[in-house]
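Colleague: With these hints in hand, go ahead and build the complete structure from the sequences.
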Amino acid sequence: MHIVVCIKQVPDSAQIRVHPVTNTIMRQGVPAIINPYDLFALEEALRLKDKHGGTVTVITMGPPQAEGALRKALSYGADDAILITDRAFAGADTLATSFALASAIRQIQKNMPVDMVFTGKQTIDGDTAQVGPGVAKRLDFQLLTYVSKVSSVLPKEGQIVVERRAEGGVQLLKSRLPCLITILEGNNEMRFATMPNMFRAARHAVKVWDREAAGITDEDVVRIGLKGSPTVVSKVFAPTPHTDPAEMIDVESGNPRDIADTVLAKMFTRFPVVAKEIAKRA
Amino acid sequence: MSEKFDAIVVGAGPSGNAAAYTLAKAGLNVLQLERGESAGSKNVQGAILYADALERMIPDFREDAPLERHIIEQRMWVLDDESFVGSHYRSDAFNKEPHNRYTIIRAQFDKWFSGKVQEAGALVVCETTVTSLLRDEKNRVVGVQVDREGGTIYADVVILADGVNSLLAKKADFHPEIEPKNVALAVKEIHFMPQEVLQERFNIGEEEGVVIELFGKITNGMMGTGFLYTNRESIAIGIGCMLSDFKEQKTTPYELLEQMKNHPSIKPLLAGGEMKEYTAHLIPEGGYKAIPKIYGDGWMIVGDSGMFVNAVHREGSNLAMTTGRLAAETIIEAKAAGKEMTAASLAEYRKKLDDSFVIKDLKKYQEMPDIFHSNRQFFTTYPELVNRSVHSMLHVDGVDKKTKEREIFSSFKQNRSLFGLMGDAYKLWRAFR
Amino acid sequence: MSEAPVKKGKRKFELDPRLASYKGVWVFVEHERGQVHPVSWELMGEGRKLADMLGVELAGVVMGAPGEETRRFCNEAFHYGADLCYLMQDDILKDYRNEPFTKGLTDLVNAYEPEILLLGATTQGRDLAGSVATTLKTGLTADCTGLTIDPDNRSLAATRPTFGGSLLCTIVTLNYRPQMATVRPRVMAMPDSDASRSGRIIEQPLGMVESSIITKVLEFIPDANQDKPQLAFADIIVAGGKGMKRPENFQLIWDLAQVLGAEVGASRPVVQAGWVDLDRQVGQSGKTVRPKLYIAAGISGAIQHRVGMSDSDCIIAINNDPNAPIFEFATYGIVGNAMTILPALTESFRQALATAKKAG
Ligand SMILES: Cc1cc2nc3c(=O)[nH]c(=O)nc-3n(C[C@H](O)[C@H](O)[C@H](O)COP(=O)(O)OP(=O)(O)OC[C@H]3O[C@@H](n4cnc5c(N)ncnc54)[C@H](O)[C@@H]3O)c2cc1C
Ligand SMILES: Cc1cc2nc3c(=O)[nH]c(=O)nc-3n(C[C@H](O)[C@H](O)[C@H](O)COP(=O)(O)OP(=O)(O)OC[C@H]3O[C@@H](n4cnc5c(N)ncnc54)[C@H](O)[C@@H]3O)c2cc1C
Ligand SMILES: Nc1ncnc2c1ncn2[C@@H]1O[C@H](COP(=O)(O)O)[C@@H](O)[C@H]1O
Chain P
0 MHIVVCIKQV PDSAQIRVHP VTNTIMRQGV PAIINPYDLF ALEEALRLKD KHGGTVTVIT
60 MGPPQAEGAL RKALSYGADD AILITDRAFA GADTLATSFA LASAIRQIQK NMPVDMVFTG
120 KQTIDGDTAQ VGPGVAKRLD FQLLTYVSKV SSVLPKEGQI VVERRAEGGV QLLKSRLPCL
180 ITILEGNNEM RFATMPNMFR AARHAVKVWD REAAGITDED VVRIGLKGSP TVVSKVFAPT
240 PHTDPAEMID VESGNPRDIA DTVLAKMFTR FPVVAKEIAK RA
Chain C
0 MSEKFDAIVV GAGPSGNAAA YTLAKAGLNV LQLERGESAG SKNVQGAILY ADALERMIPD
60 FREDAPLERH IIEQRMWVLD DESFVGSHYR SDAFNKEPHN RYTIIRAQFD KWFSGKVQEA
120 GALVVCETTV TSLLRDEKNR VVGVQVDREG GTIYADVVIL ADGVNSLLAK KADFHPEIEP
180 KNVALAVKEI HFMPQEVLQE RFNIGEEEGV VIELFGKITN GMMGTGFLYT NRESIAIGIG
240 CMLSDFKEQK TTPYELLEQM KNHPSIKPLL AGGEMKEYTA HLIPEGGYKA IPKIYGDGWM
300 IVGDSGMFVN AVHREGSNLA MTTGRLAAET IIEAKAAGKE MTAASLAEYR KKLDDSFVIK
360 DLKKYQEMPD IFHSNRQFFT TYPELVNRSV HSMLHVDGVD KKTKEREIFS SFKQNRSLFG
420 LMGDAYKLWR AFR
Chain Y
0 MSEAPVKKGK RKFELDPRLA SYKGVWVFVE HERGQVHPVS WELMGEGRKL ADMLGVELAG
60 VVMGAPGEET RRFCNEAFHY GADLCYLMQD DILKDYRNEP FTKGLTDLVN AYEPEILLLG
120 ATTQGRDLAG SVATTLKTGL TADCTGLTID PDNRSLAATR PTFGGSLLCT IVTLNYRPQM
180 ATVRPRVMAM PDSDASRSGR IIEQPLGMVE SSIITKVLEF IPDANQDKPQ LAFADIIVAG
240 GKGMKRPENF QLIWDLAQVL GAEVGASRPV VQAGWVDLDR QVGQSGKTVR PKLYIAAGIS
300 GAIQHRVGMS DSDCIIAINN DPNAPIFEFA TYGIVGNAMT ILPALTESFR QALATAKKAG
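Protein sequences appear in the order of chains P, C and Y.
Everything in the first sequence is counted per numbering that gives the first Met the number 0, starting at 0 for the first residue and increasing by one.
Everything in the second sequence is counted per numbering that gives the first Met the number 0, starting at 0 for the first residue and increasing by one.
Everything in the third sequence is counted per numbering that gives the first Met the number 0, starting at 0 for the first residue and increasing by one.
In short, the hints are calculated from the structure, not lab data.
It is possible that part of the hints are untrue.
So the derived label-pair ranges between C-beta atoms look like this [as the list claims (entries may be wrong)]:
1) Y/P321 / C/S410: 52 to 58 Å
2) P/F191 / C/K137: 29 to 35 Å
3) Y/M52 / C/E118: 54 to 60 Å
4) Y/E67 / P/A212: 52 to 58 Å
5) C/R55 / P/D49: 46 to 52 Å
6) Y/Q229 / C/Q194: 47 to 53 Å
7) C/A335 / P/D49: 42 to 48 Å
8) Y/P342 / P/S150: 46 to 52 Å
9) Y/K241 / P/H51: 31 to 37 Å
Derived BS3-like pairs (lysine-lysine); straight-line CA-CA distance at most 30 Å [unchecked claim]:
10) P/K226 / Y/K22
11) C/K110 / C/K170
12) Y/K93 / P/K226
13) Y/K136 / Y/K93
Beta carbons: idealized from backbone N, C-alpha and C, even for Gly.
Modeller: Here's what the structure looks like:
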């Protein structure tokens, strides 16, 4: 069984700061991590490999530094890693990204057929959850999103049963390989890499594919990168407070009960809706 | 299926990187282990890079190393509660290439250095902590154990470059627990500031930088100093005092830093900046007398782990790199001579150190820690007196200067006997001599 | 969303004449188990505004199994502002599945050419939107928090958080149609329903046979709803943050919530510390809420929390730090220790309730 896992290297958004003057993102010193949602996808793929045998290939499209993310994936136990990197990919939105990834996966398939593609639920920088569905449609793979559990796989028969998170419940879906699965977070935990795997990851030659190696013809250059991206960012700005600052409740006595009573009195006068809501509960 | 290497270097700070780089360049099969996410991810430093130590290994480092600014001005401020007396030294000679000192951001610099180590051919594995040293039946060090499954790794020699709080050296009984009086606790913050604002504020050009050394009442009478460095787009500000003093005074380093940042002479320098990062770290400041045993059968100690810090001149990374390089050269020579990595063959390391500026400098200041420990007036009384004196001379109020001089002199005497004053001067002279 | 160098949307722009035929605003009406997801009506309210700005019609798209229920959804769509509905009925569409829904919606778009297509940013909406945008080869902006029309070029300007919510960005899809966007539940206000409104229905067949569809739904296991918090639709929420210090103190939040019959919410650190379930997290990576009253105790008001609750009608904030960011946007601010203020509030509310009860 051959599973391709799409991972993305993202800046650790918990550590991102906005330049106070220019309102731009300060990436300086912000560590790059594997998109946390993708780790659930990778671990799920590794578990299936442990169970059924086979190969796990990780791929990422990104700048040369993204190799770090692939190496890390190798240390967890992925068998092979491909970095898809080319200036021509810069500025890609999800439509252009899925085009490039799908093309690369087709190249991978030339060497070894791909049974499943795994992606994370979404990235923490793009946050769109669109790349997975996009890749599936382009490859004409069955698309199974928000999968919380891969219940069973029968590789020979090409059958798969998954639990998919839906609104208000869980769908039990039966489908066929090849398929693309976007994995929901929280249902597994990434393993701790063994020392032999650390050595292997440090020594493994990550494959680096440029546009051509990823199978994108000159003709298709208009479908990747900035050119192939229908969406355009027209403005980036810091959220501005559109509300007035709070009315501070100042009570001479400082007695909590007085403070509480004062707030309630003020609120009931200014917000009849709240007063009504409270009355409903009486 | 355990692996075996010519050498294992524990730690990817400046000392470990220097050692691993030198070994790998010479064609040895080197493994470097670092517990942090990446080289530099756990490292804190002010941070000034002294070019020389690095230049000896990588002569063209200026081409691609992430350097912030070269230093053209050094200020030395002695502060009391509301003022400072200080000296500034600025010279255009510092603008001549090659520059001698740079501000750096350690996280970026260490990453760059680690890249060089890998290019040189060493195998670098991060996020892996060495938990103990492996010994053979003769008690020789033969490798390391790490915190991962399948983590027994062998080598002819292990270099401990694991920093100030070397748990490994302690566990292996190479040296005892460091005493709180031999180690300073330093805290540092990085304040982001637009480049133009920073340059205007410090009166410097595009690539130029300033260092401010801070002494006096900012340490609340504890033995320690503060510093402020200009990076490209940020200011590094920090303060450190002896751990033993913090324990006694029950002050936290954080409070001390807050207090220093609010000093009327410092606050305007930081105004409008945005705090980006807060870190705390130990600095070994025991000096010459605190250096432990630094080599033995199959092992060597380099950098902070061996107390190689010149606290007086605030030099550490250069000693770290130099000790790392010299340890590596010792190994390379021993190997070339077909010798085993025994204490006898590694003794050459100590000789190399004795001949270098490392031991010479540390010896020169060996009395310094003791003097400051037992003479607190350097951190309290003097800064205050000096500031008051200057204030008095500059404050025009109808009192003649002669009377003012007399008053200043008597206030010095009141606070410290004439004998004490002369003694202090002598002690300092001796220590610096 | 691309991380491209910011291209200025303001440059001279001419829409490709081939795209000029694309007219009208569509809202996909999402339903599951006989219930329309409220986000669809929230979008209908928003879609109405966009359609009016453009001077075009607003349409609902209803896809489902043939029957009364599906027709009823069309009527509801009219009540919430739609001028017409595209209706696709087929047994295949009984449960949501990607393949037939993608084909159906793609065909409808190709046949009737809307300029804007909006969907809820739910598991269903995102699954479908990502697929349809790819088959249509058009732009899709995910998880928007604001939609408007750029008067310069009549294009949809979609605003969404980026970089973990620290910034917002506005995204346009210039030379592609339709312009697609998904919007989170509860971000837009629920419009009033007007039962007197009605509209036209345009039917279109799906044109698929079940045997050609690979993925089958074996079972739908509904969530055990009883003890799932319904935070998104609560009218009163009492929320606590890291400032509550210890899990035991969080009981004070529960106490007040119980007296008020309110839901309990929390900031992320509280959820991460395991004091309450993930379902109760309010904010960027949790729920968006718009209650009438939101009481925030020991919550600093970080932007990621703020985006999830700042549309509450009235916000009471309790924080011991007078400079806490939450005071910049709360309605009432109380500087003090939550551990003493909360019990006092609980008592005051108890009394208010008793008075209201007496008054009948
Ligand atoms: C606030 C501050 C300001 C300073 N300013 C300056 C300055 O301006 N100029 C200057 O020259 N020096 C300065 N120094 C001193 C300088 O930082 C140190 O001397 C230097 O970093 C020492 O290098 P090192 O390689 O020995 O140790 P470190 O830099 O501490 O590196 C040790 C490495 O080993 C790793 N490690 C530890 N244990 C293990 C283990 N068991 N397994 C695997 N890895 C391990 C650590 O993660 C770390 O990366 C300053 C220090 C501080 C704290
Ligand atoms: C990608 C990303 C997504 C995120 N998503 C979310 C999200 O969905 N929801 C969310 O909430 N956060 C989210 N966060 C985290 C967010 O940035 C903040 O860290 C978080 O909201 C802070 O929670 P807090 O206010 O409870 O804690 P703190 O920031 O620690 O604030 C505690 C507050 O309590 C006050 N306090 C302390 N003691 C008392 C006392 N005795 N009485 C009264 N007040 C007291 C303090 O003054 C302080 O203001 C996200 C962050 C990232 C990077
Ligand atoms: N540049 C990329 N390279 C590889 N995989 C990606 C890339 N961008 C997104 N993905 C995958 O697509 C998923 C959804 O991403 P997004 O649509 O950006 O939220 C992620 O969790 C990844 O698995």
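Colleague: Now tell me, hint by hint, if it's right for this structure.
Modeller: Cross-check of the supplied hints:
no., hint, verdict
1, Y/P321 / C/S410: 52 to 58 Å, "42 Å, violated"
2, P/F191 / C/K137: 29 to 35 Å, "34 Å, holds"
3, Y/M52 / C/E118: 54 to 60 Å, "59 Å, holds"
4, Y/E67 / P/A212: 52 to 58 Å, "56 Å, holds"
5, C/R55 / P/D49: 46 to 52 Å, "50 Å, holds"
6, Y/Q229 / C/Q194: 47 to 53 Å, "51 Å, holds"
7, C/A335 / P/D49: 42 to 48 Å, "47 Å, holds"
8, Y/P342 / P/S150: 46 to 52 Å, "48 Å, holds"
9, Y/K241 / P/H51: 31 to 37 Å, "43 Å, violated"
10, P/K226 / Y/K22, "25 Å, holds"
11, C/K110 / C/K170, "28 Å, holds"
12, Y/K93 / P/K226, "39 Å, violated"
13, Y/K136 / Y/K93, "27 Å, holds"
Hint compliance for this structure: hints 1, 9, 12 are broken, all remaining hints hold.
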